[in-house]
Amino acid sequence: MEIKRGDQVIHLVGQQLAVGDQLPDVNLIDKDKTSVALADHINGLTVISIVPDINTRTCNIQTNRFAALAKEKEYPILTISTNSPEDIVNWCHANDVDMVYLSDENHDLADASGLLMAENDKLARTVFLVDATGKIEYMEIVPDMREEPNYDAVISLADSLSK
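Numbering (the UniProt record's numbering), first residue to last: 1 to 163.
For the record, the hints were derived by calculation from the structure and aren't laboratory data. Heads up, a few of these hints could be off.
[Said to hold, decoys possible] Lysine to aspartate or glutamate pairs mimicking EDC-like chemistry, simulated, CA-CA at most 20 Å apart: (1) Lys33 with Asp98; (2) Lys135 with Asp98; (3) Lys73 with Asp144; (4) Lys4 with Asp87; (5) Lys4 with Asp144; (6) Lys163 with Asp144; (7) Lys33 with Glu119; (8) Lys71 with Asp111.
[Said to hold, decoys possible] Simulated DEER-style distance windows between Cβ atoms: (9) Asp32 with Val9: 33 to 43 Å; (10) Glu86 with Ser162: 10 to 20 Å; (11) Asp96 with Val9: 33 to 43 Å; (12) Pro143 with Asp32: 29 to 39 Å; (13) Asn55 with Asp144: 12 to 22 Å; (14) Asp25 with Lys73: 33 to 43 Å; (15) Asp7 with Asp159: 33 to 43 Å; (16) Val9 with Lys163: 22 to 32 Å; (17) Gly44 with Gly20: 30 to 40 Å; (18) Gly6 with Ala39: 18 to 28 Å; (19) Val9 with Glu74: 35 to 45 Å.
Here the structure is a predicted model, which means the values were calculated and not measured. Cβ atoms here follow ideal geometry from the backbone N, Cα and C, with glycine treated the same way.
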């Protein structure tokens, strides 16, 4: 699959997941540098926001937006990126955000989901909505990495399914 960053074409490595697929149960790294299973963070209906690099403008906007939504929603919202745990802790402190934020610096999720951008070795901007079993109910791979995801689509579906 190809996505873009402006005029630059970016290739995703491997086979991408699709709605109806199971989210792979991979190990990620939490803020404390502990290896954790992604499945352990799927607590019922869960929104997963994936950003390429938390230290960029669009990723910052996306993560702050989902962090704000997480405070008002009854379902969990978590963020994943290839940033190091140190980068994640620093960003959370600088933005006064307390949220579940996991690192895929080892590329376990990137490799298992087909979301690794070959040109820059980062995860593609993606949003998942998964049910309690980890089945993907909604998925958006943002076609241009400079753009934000469709927040309304994923939150509307999550709100309707959580009732």
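Status of the hints after comparison with the structure:
1. Lys33 with Asp98: Holds - the C-alpha atoms of Asp98 and Lys33 are around 16 Å apart, at most 20 Å.
2. Lys135 with Asp98: violated, 26 Å
3. Lys73 with Asp144: Violated. Lys73 to Asp144 sits at ~27 Å, over the 20 Å cutoff.
4. Lys4 with Asp87: violated, 25 Å
5. Lys4 with Asp144: Holds - the C-alpha atoms of Asp144 and Lys4 are around 5 Å apart, at most 20 Å.
6. Lys163 with Asp144: At roughly 32 Å apart (the allowed maximum being 20 Å), Asp144 and Lys163 break the hint.
7. Lys33 with Glu119: violated, 27 Å
8. Lys71 with Asp111: violated, 31 Å
9. Asp32 with Val9: 33 to 43 Å: Holds - the Cβ-Cβ distance for Asp32 and Val9, about 38 Å, lies within 33 to 43 Å.
10. Glu86 with Ser162: 10 to 20 Å: With a Cβ separation near 34 Å, Glu86 and Ser162 fall outside 10 to 20 Å, so the hint is violated.
11. Asp96 with Val9: 33 to 43 Å: Given a distance of about 37 Å, which is inside 33 to 43 Å, the answer is holds.
12. Pro143 with Asp32: 29 to 39 Å: holds, 35 Å
13. Asn55 with Asp144: 12 to 22 Å: Since Asn55 and Asp144 have Cβ atoms about 19 Å apart, the given range 12 to 22 Å holds.
14. Asp25 with Lys73: 33 to 43 Å: violated, 23 Å
15. Asp7 with Asp159: 33 to 43 Å: holds, 36 Å
16. Val9 with Lys163: 22 to 32 Å: Given range 22 to 32 Å: violated, Cβ gap about 41 Å.
17. Gly44 with Gly20: 30 to 40 Å: Violated, at about 18 Å.
18. Gly6 with Ala39: 18 to 28 Å: Because 36 Å falls outside the window, the suggested range is violated.
19. Val9 with Glu74: 35 to 45 Å: Holds, at about 40 Å.
Taken one by one, the earlier hints fail for this structure at numbers 2, 3, 4, 6, 7, 8, 10, 14, 16, 17, 18, listed in ascending order.
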